[in-house]
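Participant: With chain S held as given, fit chains C and G onto it using these hints.
So the protein lines, in turn, are chains S, C and G. Heads up: the first sequence begins at 53 in the numbering used here, then just goes up one per residue. Heads up: the second sequence begins at 372 in the numbering used here, then just goes up one per residue. Heads up: the third sequence begins at 5 in the numbering used here, then just goes up one per residue.
Treat each hint with caution, since some may be false.
Unchecked claim - One side of the interface only, derived from the structure: several residues of chain G facing chain C at Cβ under 8 Å:
{"#": "1", "residue": "GLN677"}
{"#": "2", "residue": "ARG681"}
{"#": "3", "residue": "ALA684"}
{"#": "4", "residue": "PHE685"}
{"#": "5", "residue": "VAL688"}
{"#": "6", "residue": "VAL691"}
{"#": "7", "residue": "ALA692"}
{"#": "8", "residue": "ILE695"}
Claimed, not checked - Here are the simulated EDC-like pairs of lysine to aspartate or glutamate, each with C-alpha atoms no more than 20 Å apart in a straight line:
{"#": "9", "chain 1": "C", "residue 1": "LYS394", "chain 2": "S", "residue 2": "ASP150"}
{"#": "10", "chain 1": "G", "residue 1": "LYS582", "chain 2": "G", "residue 2": "ASP593"}
{"#": "11", "chain 1": "G", "residue 1": "LYS490", "chain 2": "G", "residue 2": "GLU402"}
{"#": "12", "chain 1": "G", "residue 1": "LYS188", "chain 2": "G", "residue 2": "ASP347"}
{"#": "13", "chain 1": "C", "residue 1": "LYS394", "chain 2": "S", "residue 2": "ASP152"}
{"#": "14", "chain 1": "G", "residue 1": "LYS188", "chain 2": "G", "residue 2": "ASP405"}
As the list claims (entries may be wrong) - If you anchor each label on the Cβ, the simulated ranges turn out as follows:
{"#": "15", "chain 1": "S", "residue 1": "ALA146", "chain 2": "C", "residue 2": "PHE440", "range": "15 to 25 Å"}
{"#": "16", "chain 1": "C", "residue 1": "GLY505", "chain 2": "S", "residue 2": "ALA146", "range": "42 to 52 Å"}
{"#": "17", "chain 1": "C", "residue 1": "VAL496", "chain 2": "G", "residue 2": "SER698", "range": "37 to 47 Å"}
{"#": "18", "chain 1": "G", "residue 1": "CYS658", "chain 2": "C", "residue 2": "ASN395", "range": "44 to 54 Å"}
Everything labelled a hint here was simulated from the structure, so no lab data went into it. Bear in mind the structure is a predicted one, so any value in this text is a computation, not a measurement. Virtual Cβ for every residue (Gly too), placed ideally from N, Cα, C.
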Amino acid sequence: MMGQATPLAAYLLVAALLFSIGLAGALTRRNAILVLIGIELMLNAANLNLIAFWRYGPHPELLTGMMFAIFSIAVAAAEAAVGLGLVISIHRHAHTTDLDAMNRMRG
Amino acid sequence: MSFVFYAIAALTVAGGLAAVLLKNTVHCALALTVAFAGLALMFLELDAQFAGFAQILVYIGAVAILVVFAILLTRNAETPKDGVYSRNWLAGLVIAAGVFAVLGWAVLQSVRVLPHETTTPTVTVLDIGNALMGRYVLPLEIVALLLTAALIGAVIVAMHEKERAK
Amino acid sequence: MLMQEMASVSFQPTTNCGPPGICDYLWLVPAVPIIASGVIGLLKQQKRRTAATLAIGSLSFSLVLALVAFVHVVAGWTHGVAVRETVNFTWIQFGASNVDLGWVLDPLSAVMLAMVTLVGLLIFIYSIGYMAHDENYTRFFCFLSLFAGAMLGVVIANSMLLFFMGWELVGLTSYLLIGFWYQKPAAAAAAKKAFLTTRVGDVFFLLGIVWLFAQTGTLLFYNNGAGSIEHGALAALLAQPAALGLSAAGAIGLLIFAGAAGKSGQFPLHVWLPDAMEGPTPVSALIHAATMVAAGVYLIARVYPLMQAGALAGGTTTPLTVVTWVGAFTAVFAALIAVAQNDIKRILAYSTISQLGYMMAGLGMGGVAVGMFHLITHAFFKALLFMGAGSVIHGCHEEQDVRRMGGLRADMPLTFLTYAIGMLALCGFPLLFSGFWSKDGILEAAQHWSVAKTPFYMLVFGALLTAFYMTRQVGYVFFGTWRGKKPARESPAVITAPLTILAFFAMALGLIGTPAWPWFRGFIESRAVPFEWHGFMEPGLLALMGTSTVMVFLGLGLGWRLYGGQAPKPEQPDVLEKALPLPWAWLRDRLYIDELYGFTVIAFYGWWARVADWLDRRVWGGVVAGVAWAFRGWAHFSRFLDMNWVDGSFDKGCEELASGGGLLSRVQNGRVQTYLRILAFSVVALVAILIWSSLP
Numbered sequence: 053m054m055g056q057a058t059p060l061a062a063y064l065l066v067a068a069l070l071f072s073i074g075l076a077g078a079l080t081r082r083n084a085i086l087v088l089i090g091i092e093l094m095l096n097a098a099n100l101n102l103i104a105f106w107r108y109g110p111h112p113e114l115l116t117g118m119m120f121a122i123f124s125i126a127v128a129a130a131e132a133a134v135g136l137g138l139v140i141s142i143h144r145h146a147h148t149t150d151l152d153a154m155n156r157m158r159g
Numbered sequence: 372m373s374f375v376f377y378a379i380a381a382l383t384v385a386g387g388l389a390a391v392l393l394k395n396t397v398h399c400a401l402a403l404t405v406a407f408a409g410l411a412l413m414f415l416e417l418d419a420q421f422a423g424f425a426q427i428l429v430y431i432g433a434v435a436i437l438v439v440f441a442i443l444l445t446r447n448a449e450t451p452k453d454g455v456y457s458r459n460w461l462a463g464l465v466i467a468a469g470v471f472a473v474l475g476w477a478v479l480q481s482v483r484v485l486p487h488e489t490t491t492p493t494v495t496v497l498d499i500g501n502a503l504m505g506r507y508v509l510p511l512e513i514v515a516l517l518l519t520a521a522l523i524g525a526v527i528v529a530m531h532e533k534e535r536a537k
Numbered sequence: 005m006l007m008q009e010m011a012s013v014s015f016q017p018t019t020n021c022g023p024p025g026i027c028d029y030l031w032l033v034p035a036v037p038i039i040a041s042g043v044i045g046l047l048k049q050q051k052r053r054t055a056a057t058l059a060i061g062s063l064s065f066s067l068v069l070a071l072v073a074f075v076h077v078v079a080g081w082t083h084g085v086a087v088r089e090t091v092n093f094t095w096i097q098f099g100a101s102n103v104d105l106g107w108v109l110d111p112l113s114a115v116m117l118a119m120v121t122l123v124g125l126l127i128f129i130y131s132i133g134y135m136a137h138d139e140n141y142t143r144f145f146c147f148l149s150l151f152a153g154a155m156l157g158v159v160i161a162n163s164m165l166l167f168f169m170g171w172e173l174v175g176l177t178s179y180l181l182i183g184f185w186y187q188k189p190a191a192a193a194a195a196k197k198a199f200l201t202t203r204v205g206d207v208f209f210l211l212g213i214v215w216l217f218a219q220t221g222t223l224l225f226y227n228n229g230a231g232s233i234e235h236g237a238l239a240a241l242l243a244q245p246a247a248l249g250l251s252a253a254g255a256i257g258l259l260i261f262a263g264a265a266g267k268s269g270q271f272p273l274h275v276w277l278p279d280a281m282e283g284p285t286p287v288s289a290l291i292h293a294a295t296m297v298a299a300g301v302y303l304i305a306r307v308y309p310l311m312q313a314g315a316l317a318g319g320t321t322t323p324l325t326v327v328t329w330v331g332a333f334t335a336v337f338a339a340l341i342a343v344a345q346n347d348i349k350r351i352l353a354y355s356t357i358s359q360l361g362y363m364m365a366g367l368g369m370g371g372v373a374v375g376m377f378h379l380i381t382h383a384f385f386k387a388l389l390f391m392g393a394g395s396v397i398h399g400c401h402e403e404q405d406v407r408r409m410g411g412l413r414a415d416m417p418l419t420f421l422t423y424a425i426g427m428l429a430l431c432g433f434p435l436l437f438s439g440f441w442s443k444d445g446i447l448e449a450a451q452h453w454s455v456a457k458t459p460f461y462m463l464v465f466g467a468l469l470t471a472f473y474m475t476r477q478v479g480y481v482f483f484g485t486w487r488g489k490k491p492a493r494e495s496p497a498v499i500t501a502p503l504t505i506l507a508f509f510a511m512a513l514g515l516i517g518t519p520a521w522p523w524f525r526g527f528i529e530s531r532a533v534p535f536e537w538h539g540f541m542e543p544g545l546l547a548l549m550g551t552s553t554v555m556v557f558l559g560l561g562l563g564w565r566l567y568g569g570q571a572p573k574p575e576q577p578d579v580l581e582k583a584l585p586l587p588w589a590w591l592r593d594r595l596y597i598d599e600l601y602g603f604t605v606i607a608f609y610g611w612w613a614r615v616a617d618w619l620d621r622r623v624w625g626g627v628v629a630g631v632a633w634a635f636r637g638w639a640h641f642s643r644f645l646d647m648n649w650v651d652g653s654f655d656k657g658c659e660e661l662a663s664g665g666g667l668l669s670r671v672q673n674g675r676v677q678t679y680l681r682i683l684a685f686s687v688v689a690l691v692a693i694l695i696w697s698s699l700p
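Just chain S, with the same shape it has in the complex (with noise of 0.2 Å):
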């Protein structure tokens, strides 16, 4: 496909305002799982900056962006399944997902 006459600032400005979603998200929402949701959207508005970025960018045929933004997804996803093992390991222990309640570590 042809890359239409979309100014690279409206990729970065969608890869913010999707990066400021999943930050409210991460910081709001009381359920552990639906933190780690909103730090994938925000791993994603990453990419999506780092693509953007590389293909306006003065050297796309380095291919760094690209090669950035797929390790990222590699990391993401090695991430998410550890993150997502730990609140089911968190749940059995303490039987609930609610991080309002998890203060244990309180000084």
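Facilitator: Using the frame of chain S, we list chains C and G on its own:
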């Protein structure tokens, strides 16, 4: 900006919003999947086909399923009584708004210097493969290690609890 | 006997103490008794014989020295030398002025020395017997010795300051001795009264001293022409006007007389002398008859050039006029009161006041020699009378009321004989007794006084009264029948021997003051006096002698008529009282002078004391309390500041720190989302800062 872009963008953002705002956690997971899909389309729009398909394969095919599994395993399909938002949710909202403001302002400030369009890069899977095996071989190996560790770790975390519970 | 009739052989004066002469050692005369007093004061009460020995020994030593000095001056007089030897030294120097002390040996001080030491020694010996039963024997001799030393200091003083120091010291010892039996409230009150009354006089005296010092620049009497009563200074004092038409000399003279009036019991400061009879009889004899009360007369005699300054030939000055009038008035006033007294010592006390008035009048009208002669003779016979009264009191077992005595002529013959001699000398019985010659000297001077004749008549009337009341007293005590409880007995020799010696002098002293041979006058005035019978042939002299003789016999006769040979009981009123009850009551109550003082001066003083007390307690006390309150308030304020500001701020700071820590620790609430929020916010903030700082 073309209609396609707007549509994809709208889809993605809507999916993201839904993922964050909905009460039912499973609905959130499904909305997340929609967001992932929208993003994949964006990647395709940006001529990053490999990334797009990788997104679909990994995120939608694995991460989203994982999330749904986790939701179901933690028996949080019901809506909780106290509300889904934590205490001081407004602070979080404000902070997120602040982040968006900063980012948006940065972008808008530099609109002049950002390029509008460039030529389409001709990138093939062969190039990507070469890069992976050439320049980026080390990160590849490390990521492989990371994945292995993550796998083992997840299994251990999940399994230990199981044994102790018994 | 008039001054212009004397052979005017002018004597040569000597002023300096010769190659060591007696006057160099004259200071020992007062010093030795004072040192003895100090030593006695350190002795224990039991060492009675030591105390008496010390006192009598020291005064004997002073007597010997005094007699040597007297002989020296007499020797000088016989050789035509007017002795006036002074030893002066500077005590303190401040700026250009000096405070000088010194002593003088001249005829006046020589006769006074001889008299004081002799009479003093006799009274000391008398005291051994009189105070034998008293437990405070040692203290008595300590004070007595101190008094003797102080009085001798007054006598030899050539410096006004030394004179005043001795003056105050005799006042102090008088207080101590009047109040010797201080457990008796009457004695303690009498001592206080004596001290305070003489103090009133002393205030004026001190003013006079200060003024004299300020005007003349020196405290010395005689200092080779530079003394304060020598010619140069007197001329300056006369030239300086004071107030009310007086010159400085006149005003100072009046002030000095005020001091003398206090000490010598002149009206109106006489009130202390009768009360002073609360002291032991030797004290009354020595201090309040012979010596201390004579110190006032001696003072006037000593500063006579000042009192006389400015007098024209045959005329007089204001101070001397005042002296005369006060003396004459006192003489009659006291004699009247003596008529109505019943205590044996009180009669003698008023008699002393009366005779002191005579002495003052004599000084005022006739000069130093006239007054001093009566002083010397009075000292002997009054001491004799007091000591006789003491013997009577001792023999009557401490009875003092004459109405409870009587008929002692048989029981106490020696006392009666000596007492009679003293009484006749006091009355002025003609020719044989010294009192006649000395009193006649005063009457003659009064007769020729240029200002007025009234003092003469007053003094003659006084002589009548003297004879009357003394006859009354003798009649009550020695004649008639014994009205006491226990029988009387004669006193031991240690008491009667001094009486005998004094009786001898009471008669013999007359010989040196007759008109035929006025040796005393010549000696005092440093003139030659040949013995000439025709001294009696002065116009008016024989008439005067006759007048006084008539007065004496009149008084004796009246007294004998009323009181001789009678035996009135104490409960019965006196003969005169029956005749003239109201005047008798006035006289018996001492003409209400004490009551007047109580009503005015003492009442005022009481009120003033209350005012001062109020002032002290309310005003000054208030000020002090206010200051204390201010301090306490300040202390409270300080504490408030300390607690609230200093401590408070510190504590508050710590609290804030703790709460701040508490606040900060709330961040660590253990909730992941909180940490996440903080993280996000920090990143935003940092980025914002970075962007903002890099803006152009």
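Participant: Each hint: holds or not?
Facilitator: Here's how the hints hold up against the structure:
{"no.": "1", "hint": "GLN677", "verdict": "holds (6 Å)"}
{"no.": "2", "hint": "ARG681", "verdict": "holds (6 Å)"}
{"no.": "3", "hint": "ALA684", "verdict": "holds (5 Å)"}
{"no.": "4", "hint": "PHE685", "verdict": "holds (5 Å)"}
{"no.": "5", "hint": "VAL688", "verdict": "holds (5 Å)"}
{"no.": "6", "hint": "VAL691", "verdict": "holds (6 Å)"}
{"no.": "7", "hint": "ALA692", "verdict": "holds (6 Å)"}
{"no.": "8", "hint": "ILE695", "verdict": "holds (7 Å)"}
{"no.": "9", "hint": "C/LYS394 / S/ASP150", "verdict": "holds (14 Å)"}
{"no.": "10", "hint": "G/LYS582 / G/ASP593", "verdict": "holds (16 Å)"}
{"no.": "11", "hint": "G/LYS490 / G/GLU402", "verdict": "holds (11 Å)"}
{"no.": "12", "hint": "G/LYS188 / G/ASP347", "verdict": "holds (18 Å)"}
{"no.": "13", "hint": "C/LYS394 / S/ASP152", "verdict": "holds (17 Å)"}
{"no.": "14", "hint": "G/LYS188 / G/ASP405", "verdict": "holds (18 Å)"}
{"no.": "15", "hint": "S/ALA146 / C/PHE440: 15 to 25 Å", "verdict": "holds (19 Å)"}
{"no.": "16", "hint": "C/GLY505 / S/ALA146: 42 to 52 Å", "verdict": "holds (48 Å)"}
{"no.": "17", "hint": "C/VAL496 / G/SER698: 37 to 47 Å", "verdict": "holds (41 Å)"}
{"no.": "18", "hint": "G/CYS658 / C/ASN395: 44 to 54 Å", "verdict": "holds (52 Å)"}
When the structure is compared with the earlier hints, no violation turns up for any of them.
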